[in-house]
Each structure stands twice: as C-alpha cells, then as structure tokens.
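Sequences listed follow chains U, L and S, in order.
Counting from 1, position 81 in the first sequence corresponds to residue 81 in the working numbering; the numbering is continuous, with no gaps.
Counting from 1, position 67 in the second sequence corresponds to residue 67 in the working numbering; the numbering is continuous, with no gaps.
Counting from 1, position 181 in the third sequence corresponds to residue 181 in the working numbering; the numbering is continuous, with no gaps.
Honestly, the hints are just simulated from the structure, not real lab data.
Do not rely on the hints blindly, as some may be mistaken.
Claimed, not checked - Straight-line Cα separation of at most 30 Å, DSSO-like style, residue types lysine-lysine; simulated pairs:
| id | chain 1 | residue 1 | chain 2 | residue 2 |
| --- | --- | --- | --- | --- |
| 1 | S | K112 | S | K301 |
| 2 | S | K301 | S | K276 |
| 3 | S | K125 | S | K112 |
| 4 | S | K144 | L | K336 |
| 5 | L | K418 | S | K100 |
| 6 | S | K53 | L | K354 |
| 7 | S | K159 | S | K276 |
| 8 | L | K354 | S | K32 |
| 9 | S | K276 | S | K112 |
| 10 | S | K159 | S | K112 |
| 11 | S | K195 | S | K53 |
| 12 | S | K32 | S | K254 |
| 13 | S | K32 | L | K418 |
| 14 | S | K112 | S | K100 |
| 15 | S | K125 | S | K100 |
| 16 | S | K276 | L | K418 |
| 17 | S | K195 | S | K321 |
| 18 | S | K276 | S | K32 |
To be verified - The following label-pair restraints were derived from C-beta to C-beta distances:
| id | chain 1 | residue 1 | chain 2 | residue 2 | range |
| --- | --- | --- | --- | --- | --- |
| 19 | L | N98 | U | S175 | 55 to 63 Å |
| 20 | L | W384 | U | T187 | 28 to 36 Å |
| 21 | L | W18 | S | G81 | 27 to 35 Å |
| 22 | L | V23 | U | N28 | 58 to 66 Å |
| 23 | U | S250 | L | A180 | 57 to 65 Å |
Said to hold, decoys possible - Listed next, the stretches of chain S that the computed footprint assigns to chain L, with coverage defined by at least 3 CB atoms under 8 Å from CB atoms of chain L:
| id | segment |
| --- | --- |
| 24 | 31 to 42 |
| 25 | 58 to 70 |
| 26 | 75 to 82 |
| 27 | 125 to 131 |
| 28 | 189 to 202 |
| 29 | 317 to 327 |
If you're wondering where the values come from, they're calculated on a predicted model, not measured in any experiment.
In this text, a Cβ means the ideal position worked out from N, Cα and C, and glycines have one as well.
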Amino acid sequence: MARLTIDRVNKWFGAFRALDNVSVEVANGEFMAILGPSGCGKTTLLRQIAGFDKVDSGRIAIGDTVVSTVQLHIPPERRHIGIVFQSYALWPHMTVAENVAYGLAVAGIKNPERSRRVAAALTLVELDGFAERRPALLSGGQRQRVALARCLVTEPSLVLLDEPLANLDVHLRASMEDEFARFHARTGTTMIYITHDQAEAMALADRIAVMDKGRLLQVATPSQLYREPADQTVAEFIGEGMVLPVEVRSVDGAGTCHVDLYGHRVRMRCAVSQKPTPAARACLRSRDLRIVLPAASGMGARIDHAIYQGGHFRLEARVDAAPEMLVHLAVPEPFLLAPGAAIKLDVADGWVIPAVAEH
Amino acid sequence: MHPTADLRGPFEDHALLWGLVFVVGILSVLPLARLVLEAVAPGGEWSAQALTRVLSSSTTWTATGHSLVTALGGTLLAVAIGAVVALIVSLTDIRGRNAFVFCFVLPMMIAPQVLALAWLQLFGPSSPLLPMIGVAPSPGKNPLYSPEGIILVLGIQYAPLVFLTLRAGLRALPRELIEAGLAGGAGPLTVLRTVVLPLMTPPLVAGVALSFVSCLGNFGIAALLGIPANYLVLPTLIYQRLAGLGPGVLSEVSVLSTLIGFIAVTGLLLQDLMLRRRDFRISTASCVARPFELRRWRLPVEAALWTFSILVLTLPLIALVLASLVPAVGVPLTVKTATLGNYDFVLFGHDAAKRALINSFTLSTIAAIVIVLIAVPLAYFLVWRRSRPLTMISLLIEMPYALPGVVLAIAAILLFLKPLPLVGLSLYNTVWIILFCYLARFLVLGLRPVISAYYQIDRTLEEASQIAGARLLRRLRTIILPLVAPAASAGALLIFLMAFNELTVSALLWSSGAETLGVILFSFQQGGDSTYAAALGALTVFVTTALMLLTLFMAAKLPPGVLPWRD
Amino acid sequence: MNIALRHSFFLIAGLVAGIAAGPAAAQAPAGKLVLYTSQPERDAAQTVSAFRKVYPGVDVDVFRSGTTEVMGKLAAEFAGGQARADVLLLADAATMESLKRAGRLLPYPDAKLAGLEPGSYDVDKTYFGSKLITTGIAVNTSVKARPASFADLAKPEYKAQMTMPSPLYSGAAAIMLGTMTTRADLGWGYFEKLKAADAIAVRGNGAVLAAVANGEKSYGILVDFMAFNAKAKGSPIFPAEGSPAVTEPVAILKTTQNAAAARAFVDFILSDEGQKLAVSMGYIPAKAAVGMPSWLPAGTKIVVMPTDISRVAEANSANLKRFAEIFGN
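Chain U extracted, bound-state conformation (with noise of 0.2 Å):
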C-alpha cells in the first residue's frame, strides 16, 4: 500500500499547458476520484502517474520513491502500479486466463502458484469458468471485470482506473460501483478514479479532486464539495449549482451571513473569513428553490418549461430580475402549471464562493 504525492506538476504539449501546477496529496489507502469535465487534464495527469509520459516540472512520488520528476523517470513497468483502461485493453490474441495471468509470468511466478492466483482473481470478480474464453467473445462489462483482475492479480501498491464505468449501462455501472467500494473496503488498495461523471464520485471517493483546464481547482469530501464549492466552476459543475450574483450584507464570523439576492433576502452559508461585499456569488442547489404562493416573499420568475423525470418535474424558469438567468429545481407530480406561468421562488439555502478559492 502506498500513498501517491503531487508535487506542482506541469506538463505542456507544444503552447498547449495541460497540467498547471498541480499538488495533491492521496493518503495510504485512500479512494480519491480525479472529476473534471472532458478535455480538463485528467486523463495527462493519470499518464503522469502511470508514467506514460514525463512532467515537464514537479515531482510525484509513490510511497517513499520519487517516479517522476524532470531528471528522472521510472518507467512504467517499475512502478508496480496498476491500471484499468478506458478500453479495457484487453490483449485479443489471449484468453481471459492469459490476459490475467500476464503481470504473474512476467514476474517469473509459476504454476501452481500462477493458476491458482488467476483463479482467485477470477472469483472475485465473478467470472470463474470464463479463463478459456476470448476477449471478442465477451460482453462489455465483462470485460471490464477481466481488465480488473488482471490490474489486481499483481496486487499493486496503487490502482489507476481511467473511466471504467463509462461504456456500461446503467444497471451495470450500479453494480460495479458496488464491486469497487466492497473491493476498496476489503483491500484497502489506494485507488485513483478519473471520472467525468460526478454520481459515480461521489458515491465511491473519500475525497474528490476537481479538475479544469489543468488546474485543480478543489480537493475535498464529496459533501465538501457539494456544500461548499470553492470557485465558480465547481459550483456549476457538482450538482449542477446555479451561480447567482448577490450581495453579502452581513457576516456573522461563524459560517453565516445574509444577502441579497436580486432584491430578495437570504440566509446563507460562507465561508469563516467571509466580508460583506456589494458584488459576490452564490451558489444555489435546486433542493434550495421551492415554490411559493405568489404572495409569500421570493424571487419572481417565469416558467420556462418543466421535463417529467419520473415522479417528479425538472422545472426550469427564468429569474424576472435577470431573465438570461435559467435556475431549475424539482417539483413533485403532479404539477400543472404552463410554460410562461409566473410563480414565486423562495431560497433557502445557499453558498457563498469565497473570492479566492482556498484548498
């Protein structure tokens, strides 16, 4: 078992920075998810690690050796890491026994001993009695467990998984979640999961670490993350936050504050430095919207128009304070209102980001 160190790596390709300054900490054991929009870095940043690529400047360590910095490099095949691929990459030329078995041959581990570890990773991943089959013949979730177990025959010191769910199907994704958390409790193997998708983060890490355009923009707990974004872009990217401009009228040193909120009076939460400040922004959830009778104190807007989720509606309206101004939140069904029906929100809750992202 090993912790991974980040030390302000960056990385160029051309006049392109596809990593910039990055730091992160992963402890001994951890599971962290690397979350980020398509095309933010994280995919470079797992190459980092892996070692597939240099780092232009900084240094990452695994455990107590340093893999990387920019005189000197481990290859990948020294770090005794292990990585589940986006594809799979699983070789086509060998059977589900052989792609297993590879990492054990190469280490010069015979049979018996071979054998019987490859059937015990086979076990654990459900798919004894699958070793004599080919790659083509395999469904993709299948296939997905034959990646895992031969990531895991080796039992690595530290396991990248590069979007693994992503080509599966609901269903199967929700029962995979499941087999990498009962996984990571039994083994307690530090884990790395690049993910786009933000459900699967946050059920699965103990912490979350936010990419954009190379940056990192916040590490912290799922709830963390959820509650308290550090910037705007996070904020908009977990839970589809809504980024509103308000004004913090009052501090009150402990977390709280109130503001206005296109001339509507909120309590909000902040951070503990928080100042008042005529231009800040808030972030709001939709479970913080509700509807209101139109004359109860709120927020005028009008209906956009309502999509049915299944036992509830996903309205969307517009702010009549700023009508470029989308917001959505949940209403049971049924619900009969009209697009361009006028109604009444009412905040509860909300965020306010704090100036300069602290993480």
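Given chain U, put chains L and S in place with the hints provided.
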C-alpha cells in the same frame, strides 16, 4: 512492492535502439554512401565531372520523366487491381476465396522477366491466345513495346503487393465499425467509401509506397518492353551506361543511382506526411467483419475475378509450362514433340541448377525471417517512439530497393572486396555477400507493412503490458509481435518471393557454389536455351506452390491472418 | 683435374641441368586461375574442363555472366583496388580495346600465333581472338522472301519485320555498328533507312533469336552460331556485303596473381587442341587450318567485313550516341 529505479529497463531500450541504428546504417546507409563517394570522388580524387556530365545530358531528364510516368502509372494500376481484389476477397461472401488468393499471388512466384516474356508471347504474332478470342495477331510491332505496355505489365506484376498489404490490414477491421455505418443508413458502397477505406489508409499507403518504389526500380520489364520501343527509363539508362564502356562509367552510374534515390525519398516523405496527421487506430477487440452479401452480384463478380485470374495470371504460367515441354525454341508443341528432356537436364544434368534452387531457397528464407525480426522493433521505434536519429536514417531504407540491382551489387563489391577490417573475413564471392544485398534490398518490403500495422494498433495494449511489468523485449515478443503478425507475414512472403526469383543483384555476385536461381535462368536465356529456362521457371513455381500448400498444414498453430490464403 | 677445370665442369653441368629442367618447370603451371567470361554457360564449362585435362595442376574459378555484368564487376573491382580475375574471355574486341586503353591488360609477347589471321589479335599482343563469330541474317522458315544482303533488309517488303541487337547493350552489335558505318555501301544512311522501315533494336542476341524463332519477327540480324545450336528453324544467310565478326578474345589482366597459369590458358585457347574444341562446340575457329564446324556447308566462303578495331573503339561513344538519336532514345 515498491517502485524500483531499475537501470536495466532503460539500458535495454537504448541498446535496442542503437543496435537498430547500427544495423540500418550498415544495410541502408553504407551502400548508398559508398556510391555517392564514387560519384563525387572516383578513384579517391574529388571531381564534379560525372555530376555535370550526367545532369546536363538531356537523356538523363528524358529517362527521369519516363521513369516517373511508368512508376506512377504502374502504381495506379497496381493499386486499382490489388485494392479492388483485396476488398472483394476480404469483405464479401464470394466462394472459393482461398483458391483465388493462391492464384492471385502466383505471378509473384515467377521471375519477372519470365512473366513479361510470357506476356509478350501472348500478344505477339505466334500467340496461341489471340486467335482463340477472335483477334488476329498483327505481324507488326507488338503492342506491348510501349510505355502503355510497360505500365500494364508493371501494374499486374505488383498488384499482389498491394493486395497482400491491404488484406493484412483488413484483418484488423472490426465488425461494429461497418455495422455502425450500415445502421446509420449508408449503403455498402458508402460504408466502403466513408468508413473502410479511410481506416485502411495506412495499409493502402504502404502498398502505394511499395509499388511506387518497385515500379521505379524495376529493370527487367522496362528492359524487355522498353528497349525495343526506345523508351528509356533510369534503370535501363544506367545499364546502357555500364554497357557503353566509357571511362568514368562507375561515377556516372552512381550519379544516376542517386537520382533514383531522390525520387524514392520524395515518395516516402509524402507517405509519412499522409499518415502523420490522422488517427487510424482501431481500439476494439471485436470479431472480424462479417462479409457483405453480394446476392445477385455474386456470380458475376466471381466470374469476373476468375476470368481475370485465368487470363492475366494463369495463362502466362501455362505458356511457361508449354514452352518447357518442347525440345527447342520454335518447334510447335504436339504430342509427338512433347518431351520431359528439359526437366531431366535441369534436375539431373546440371549440378548448378540444383545448387541454385537450394541456395535461393535458403537465402530467401533467411532474408525473410531476419528482416521481419529487424522490422518489428524498428517500426516500433519509428512509429511509437519517434526517435529522431532513427527516423532520419530510415528515409534511406528505400534506397537499396529503388536502385537497380546491378548498382547495389557494385556498391557491395566496392564495400566488401577487401576483407572486413577487424575480423579479417572476406564476404566476397561467397553466399554471404548475396545475403547482405538481399537484407539491404528487401528490408523495405518487410518494414512498410509492419509500420502500417502499428498505425492500426491501439497503444494502450502495449501500455497495459508495461504496467504489468514487462520490459521492451518482452512486450515486443508477447504483445506486439502477435498483433502485427499478419502484416509481418505479408512482408515475409513478399521478401521470400522476390528474393527467390531475384536476378540482377546476384548476376554480379555469384560464384561457383553460390549460384542463385535467377543467375541460372539468366544464363540459360542468354545462351539461347530458353527451353531449359522455361523448365527451370516451371519447376520454381511447382516447388513454391508445394511449399505454400505445406503451410496450410501448419496454419492451425499460426495466429489468424498470417497466411493470406487462409481465412 | 685441376680446380679450375672441376669448377667449370660443375658450372657446365649445372647449366645443362638448368636448361633441361627449365622447360619442364615451365610446363607445369599450378595453383588457382580466375576466369571471367561472357561465353554461354556450357561453352565455358567445356573450355575449362578441356583446359584442366591439359593442365591438371591448375584450379579454375569461373565467373560467367553477360558482358555488361562482367564489365560492371571488373569496374567495381578496379575501383575497389583489388581485381580478382587473372584471365578474361569476352565476346568482342571492342571491350578488350577499352581495357587495353585503360592499361589493364598484360601483354603476352611470346604467344604462339602461327596459323592465326593477323587481324584477329592485338598488335601489342594484349588480347587474342579465339574464334570467328560472324553476324548473319536469320530467317523464320515460315516466310518465303529471303534477303541476300544487309542492304536488302531496308527494302519496303521487309517493313516492320526486322529485329537486331541494340549496340547500346551488346558489344558485338557495337562492333557491327562501328564496322558498317564506315562502309560506303552502308554507312549511317543504312541505319536511318532501317529505322524508317520500323526495325526494332532489342537487348542482345538472345532476344533476337527468341523473336525470330517464335515468329514474332520474320528476320533478324543474328550472331549465327546461336541459330544452329538451338536446333530450330531459321538458317543464316551470309550477306553479300560480308559479315561483321567478333573474335571472342582472351586476355591476361595486368594484376594477375598467377601469370604462369594465365599464359598457359592463352596458350591452350590458341593451340590446335583449343581450336578443335571450338570447332566441336560449333564455332568457326580463329585458326582456319584445324577445320570447320559441321553445320557449315562445305566450300562456303565466309567473307568477313574488315574491322579496324582501334578506330571502332575510339569512335564508340560517338557512334552509340548517334545510334541512340536515330533510334529515338
């Protein structure tokens, strides 16, 4: 387990890289360098005489223009034929596929000059064929004596080259990509145009490059058909200069050879340019594409293919066999005159012929295997590592193939006349100098198909094995080699067939005991014994066919796609 | 005897022994002899085995290829600084002339030239013709018209049916070109007429033979012995103007490692035995006295077109250039 800073890994990588640079340097750069030296410093003294004389002569530029015309024309025809046949054979449900592939590859087993001769006879006044199809043979000039004739025979000669490269590449085409196109509403031809062909760009480009260089450097067909038509190309111009016996012949020949080299390199740079910018990787591990059903088109297509095969490919072979059964040239073949005497002489009366068969077979096999073993790691460094020193040197790999064989032989003589410096061994007048030339000459035939295979493989397959702890050599052996096997074996087959029938190089390098098949054929033909030549040629085809049939028995143990005539 | 007499006795005895032993030592050349030749394979093999019967101590290594290939190999060896050949037996004297002019040949002044025509060997005794190979007109038996002279071939009735070896690729044809163009009754005009009559020039005599024997062309200018050895139809015609001839000369290279064996080889070629061997192989010998090959009708008078080989060699590159211009390269 912790990561370890292991020095063995990087050492292995560097050792392999520099080893490859060394090998390529010796095989490709050295002969060319020696020739260039001879061009500008004949006899050890600098002189620009040969350079100015050659470059200022209008014959040089006429021949260059002709070379470009025949090379481009031949390539176009070869690609048209080879690609169409490869697509039909690989993607549709025609019957008798394997037999057809066998017949299509057959012409490569016949020496090019023999094939061209058979064609000449087919179109000439004593043609047995033309009366059969109702065309009266004209007593005048044979229509094949023309640039069109050269292009026609070149195209047919090298179509199997494009065919083999493309067929190996089509093996990697997975079912779902075609099905995605069909599901999107596109008809089969549209899928072909928009999905299959773009994905097959690497093997296609490899086939184009190979056939261009082959047509450019071809001497036998250009000599046979071009000389009577006074249509000069660079290889025949070189031969003319050699025959002219003037002083400073070698340096003029060297200048002309360098000119051919330039043209070949330009073609190569174009190929690299075409491949670099796009991504042709196929990353799914799914099944091979299910064939398109031709339905009512099936019978006509099969008929067309087999007619083409018989007409163009089998007929010359039959002409060859018929010519081998007459006692002397010009005697008409009847039941009474038919004789096996020629075979008797070749097999039992002429020791050199038997030796030559064994020598040629051994040299071709060794060349094929060694070249493939070089090509796989070489292509790895060229395509995936993009190592600078290797890329620069590899531009020159085309050279020994593009140069006329006689020129390569001369370069080899210049290099190996004296014993090797440290070792004191002399390669001259042994089979080993011939092997050196085969390795130098045919390296490109093994390399280009394998390079195209690398473009089609997803590199994560290698990365996965890296993560599993495998070092470079192991990865090459266990992961990469099986994946590029179809392309590698296409290359090996090409090398074997070309080396087996090779003539122009060994014509200068052979010695007693080190004869090759081409040399024996050449001396039979030059001595007026064309019946013996025909018998030897027919024997070669029989032997090669038998060997290829034998491979079918081993087919079960080989990875899929390695044998082009077996699905 | 006094001492002086005893000394002179031994001196004279020694001299006599030396003189007696001299020729005996000279008669046993041994070691390796390297021969480069452009003769046909079978002829080369027969020549070598007959030579070895006379000189069993000599081991002969033969390199046989086309003239151009042999010359290419030689040129490379010269450029590489280590020529391997000891003796050459090539098709034509023009090639030998060019080697002589480059100073590559070793003169053999004591060669036994009795019975040989003066024109068949080099005045400086560097190369010696071994046969008389004349060029004639070969005709496919299915055609009726038989031309009687070279000039006839340019006539309209033979249009588009004639083939000849190209001097650009064949030394023998180069000599033919050089010889004919100096004659008043042929000259360059003859070749221009041939071109106008759609004659085609192919690479080498083998191609001419194949074309005429197959019927692809009805007439060919051909080195005649081939036509006969092929046992095919096509009997040669000795043209009225006479026949250009090549002599298949033998020569010793200056850099020879075994001069004794090389001289022995030349001796053998020029000896009665060697000449009789040539006859048995179907050639007209250089030494007319040993007889004629069986296919030559008795009493045929062969008229050879006289060739000033040195002039031909000098004018060669200009001739080739002009030929290329006429025939349109």
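How the hints compare with the structure:
no.	hint	verdict
1	S:K112 - S:K301	holds, 26 Å
2	S:K301 - S:K276	holds, 20 Å
3	S:K125 - S:K112	holds, 10 Å
4	S:K144 - L:K336	holds, 26 Å
5	L:K418 - S:K100	holds, 25 Å
6	S:K53 - L:K354	holds, 26 Å
7	S:K159 - S:K276	violated, 41 Å
8	L:K354 - S:K32	holds, 25 Å
9	S:K276 - S:K112	holds, 16 Å
10	S:K159 - S:K112	violated, 48 Å
11	S:K195 - S:K53	violated, 49 Å
12	S:K32 - S:K254	holds, 16 Å
13	S:K32 - L:K418	holds, 18 Å
14	S:K112 - S:K100	holds, 20 Å
15	S:K125 - S:K100	holds, 10 Å
16	S:K276 - L:K418	violated, 39 Å
17	S:K195 - S:K321	holds, 15 Å
18	S:K276 - S:K32	holds, 25 Å
19	L:N98 - U:S175: 55 to 63 Å	violated, 45 Å
20	L:W384 - U:T187: 28 to 36 Å	holds, 34 Å
21	L:W18 - S:G81: 27 to 35 Å	holds, 31 Å
22	L:V23 - U:N28: 58 to 66 Å	violated, 47 Å
23	U:S250 - L:A180: 57 to 65 Å	holds, 60 Å
24	31 to 42	holds (count 3)
25	58 to 70	holds (count 9)
26	75 to 82	holds (count 7)
27	125 to 131	violated (count 0)
28	189 to 202	holds (count 4)
29	317 to 327	holds (count 4)
Comparing the model with each numbered hint stated earlier shows that hints 7, 10, 11, 16, 19, 22 and 27 do not hold.
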